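> As they're listed, the protein sequences go chains A and B.
Be aware that the first sequence starts at 1, since it is given in my numbering, and climbs by one per residue.
Be aware that the second sequence starts at 1, since it is given in my numbering, and climbs by one per residue.
Hints listed in this document are in silico derivations from the structure and should not be mistaken for laboratory results.
Careful, some of the hints might be misleading.
Claimed, not checked - Derived contacts from chain B toward chain A, CB cut-off under 10 Å, selection only: (1) Ile24; (2) Val82; (3) Leu115; (4) Val126; (5) Arg172; (6) Leu205; (7) Leu248.
What the hints assert, rightly or not - Every beta carbon over 10 Å from chain B, so not counted as near; a handful from chain A, in silico: (8) Val95; (9) Pro102; (10) Arg108; (11) Gly126; (12) Asp159; (13) Ala163; (14) Ile215; (15) Arg253.
Predicted, not measured: the structure shown is a model, and the values here were computed from it.
Ideal placement from N, C-alpha and C gives every residue a C-beta, glycine not left out.
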Amino acid sequence: MKTSVVVGLNRGARAAGLALGLPVVLFTGWWVLSADSTNIFLPPLSRIVEAFGQVWLSDVFFRDVLPSLRRLAVGYAAALLVGVGVGYLVGRWSVVRELTGPILAYFRVLPAPVLIPVLLVAVGIGDATKLIVIAAGAVWPILLNTADGVRAVDDVQLDTAAAYRLRSWTRHGLILRAATPQVFAGARQALGISLIVMVVSEMLMSTDGLGFTVIRFQRTFAIPQMWSGVLLLGLLGFGLAKIFELIERRALRWHRGATGREESW
Amino acid sequence: MTTSSRAQAHARGLAGGGIASRRILGIIGLLLAAVSYEAVTRAFFSPLHVPPLSAILPRAAELLTEARFWTATGRTLLVAAVGLLIALVAGVVVGFAVGSVRWLLRVTSSTLDFLRPVPSIVLIPVLVLVLDVAQITVLLVAVSCFWIVLFQVLYGLRDVDQVAVDTARTIRLGRLGRIVHVTWPTVLPYLGTALRLIVSVALALAVTGGLVMGAAGLGELIWSSQESGEFTGMYALVLLTGGVGIALDMAARLAERRLLHWHVATRREVAVR
């Protein structure tokens with residue numbers, strides 16, 4: 001009994017060591033190597049960390065970071081709703097699929113950032129434009145993956161549901177449930193895209209937000225501050241991906257149980 | 001989309017109706033979309049800000065005869081291609097190095113997981129101080145595509161059949177022989193998927209570089225027509241950029257099919273036709 005606890009602890013410690021080892025080495029390396037840097041473009045990491053505290057843990061957080069996050073959340077949520085809804089229709093009914101095929105193929109390959117100048121002209125500068133751009137960029141992977149997932153639902157499952165005379169609402173729920181692994185795959189791709197589109201849209205047309213602030217620091221040669229913004233954007237990308245992974249793992253627990261597929265190494 | 005789901009989807013598509021009827025429905029869908037876009041723009045928007053399709057299409061046709069459109073397209077494609085090539089080589093080399101050594105994969109996996117979701121455009125402000133905009137755009141393309149290639153290679157290496165490896169060992173294939181005859185053919189389909197994914201990513205970032213930093217190419221052309229108030233031209237350019245995307249996508253699919261002509265999923269598709 002006791003030994004198993006010790007072994008478990010050891011295993012945990014080893015896993016933590018493996019996970020944290022290289023990042024700690026890299027961070028320390030950066031810290032030490034940049035300590036006496038006189039190159040203005042590559043300031044010492046200590047100064048970047050200092051700037052990080054000064055810049056982002058102040059009212060800038062409410063003025064620039066929160067609006068960015070809010071736009072990201074609203075735009076992404078809209079993309080999820082529309083993507084899953086329309087994707088379901090496209091995947092379920094072959095007529096809809098065939099009618100929309102070429103149009104969807106076109107929008108899948110159209111780079112999302114080119115929508116920024118289009119919407120800038122059509123809707124004008126403002127929050128609405130940025131929300132629409134984020135949603136319009138993120139919606140395609142969700143839509144296409146949902147359609148694929150819905151179309152690939154096991155025929156046996158559908159026939160079983162029909163044989164049991166499940167009500168149509170229950171059946172729609174079943175289909176959507178069976179398609180969730182694909183929906184999540186699309187949603188994960190869309191998360192990265194929406195973050196990129198958010199930053200680009202703020203770089204191009206904004207008076208607040210993370211992308212705008214980082215570009216402003218760069219233009220005014222506030223280099224440590226700029227680096228701290230880059231660091232924050234990186235952490236944001238990583239943090240969002242981790243949160244997504246947690247949600248996905250919870251939502252797809254049944255799937256991993258059913259297929260024995262484990263996504264970690 | 002995995003190859004198996006594609007084959008399945010293909011079979012179902014055939015069950016749902018002939019290719020000809022699908023084409024006709026697709027064309028009807030396109031026409032419906034065009035007509036409703038035309039109607040909506042004419043009814044609700046000023047033609048100056050949101051031009052109707054009847055104004056965009058002639059402008060697009062005009063652009064196709066202009067040299068500046070083709071120079072811009074050529075530049076964008078060149079940047080995308082160089083970035084892609086760097087990403088493919090680096091992704092395959094790093095992927096094989098990390099993926100075939102067990103402890104290396106364990107030590108680096110947390111770092112790779114951390115770096116992958118970092119959006120590559122955060123590099124713009126950092127690099128703009130030291131490189132020129134074309135080089136930065138190449139780097140943006142390369143970095144974004146590198147992660148996709150790398151992870152596809154790692155997934156592929158994880159998928160290598162242990163029985164095949166053991167068989168290769170039994171007939172005394174060396175390390176190199178195992179890589180050539182066992183590992184590489186397993187990883188190749190994953191690289192095919194990666195190729196399909198990265199061409200649109202490469203185009204997107206090559207265009208983004210033009211939009212944000214004014215790197216010569218389609219993105220820069222779109223942004224400058226927006227700034228000079230030449231909105232019909234801008235809409236036409238966006239329309240054509242999508243066309244470039246379609247062409248790239250078709251090229252990638254063709255390359256994938258060539259590369260994987262021996263693979264089950266591809267063979268079945270050909271056999272059905």
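> If a hint holds in the structure, say so; if it doesn't, say that too.
Hints and how they fare:
1. The beta carbon of isoleucine 24 of chain B is positioned within 10 Å of a beta carbon in chain A (closest approach about 9 Å), and the interface hint is therefore held.
2. The closest approach between the C-beta of valine 82 of chain B and any C-beta of chain A is roughly 18 Å, which is over the 10 Å cut-off, so the hint fails.
3. Satisfaction of the interface hint for leucine 115 of chain B is found here, the shortest Cβ-Cβ separation to chain A being roughly 8 Å, below the 10 Å cut-off.
4. For valine 126 of chain B, the suggested interface contact is upheld, since its CB lies about 6 Å from the closest CB of chain A, less than 10 Å.
5. Interface restraint check: arginine 172 of chain B against chain A, minimum CB-CB distance 30 Å, threshold 10 Å, status violated.
6. A least Cβ separation of about 8 Å between leucine 205 of chain B and chain A falls short of the 10 Å threshold, and the interface hint therefore holds.
7. Of the supplied interface hints, the one on leucine 248 of chain B holds, with its beta-carbon coming within about 7 Å of a beta-carbon of chain A, less than 10 Å.
8. Listed as outside the interface, valine 95 of chain A is inconsistent with that label: its C-beta sits roughly 7 Å from the nearest C-beta of chain B, within the 10 Å cut-off.
9. Taking the minimum C-beta to C-beta distance to chain B, about 5 Å, the non-interface status of proline 102 of chain A is violated against the 10 Å cut.
10. Listed as outside the interface, arginine 108 of chain A is inconsistent with that label: its C-beta sits roughly 7 Å from the nearest C-beta of chain B, within the 10 Å cut-off.
11. The claim that glycine 126 of chain A is not at the interface with chain B holds, since no C-beta of that chain comes within 10 Å of its own (minimum 14 Å).
12. Listed as outside the interface, aspartate 159 of chain A is consistent with that label: its C-beta sits roughly 15 Å from the nearest C-beta of chain B, beyond the 10 Å cut-off.
13. With a least beta-carbon separation of about 21 Å from chain B, alanine 163 of chain A lies farther than 10 Å from that chain, consistent with its non-interface assignment.
14. Remark: the non-interface label on isoleucine 215 of chain A conflicts with the geometry, its nearest Cβ contact in chain B lying 6 Å away (cut-off 10 Å).
15. Every CB of chain B lies more than 10 Å from the CB of arginine 253 of chain A, the least distance being 20 Å, so the non-interface label holds.
This entry does not satisfy hints 2, 5, 8, 9, 10 and 14, going by the numbered hints stated previously.
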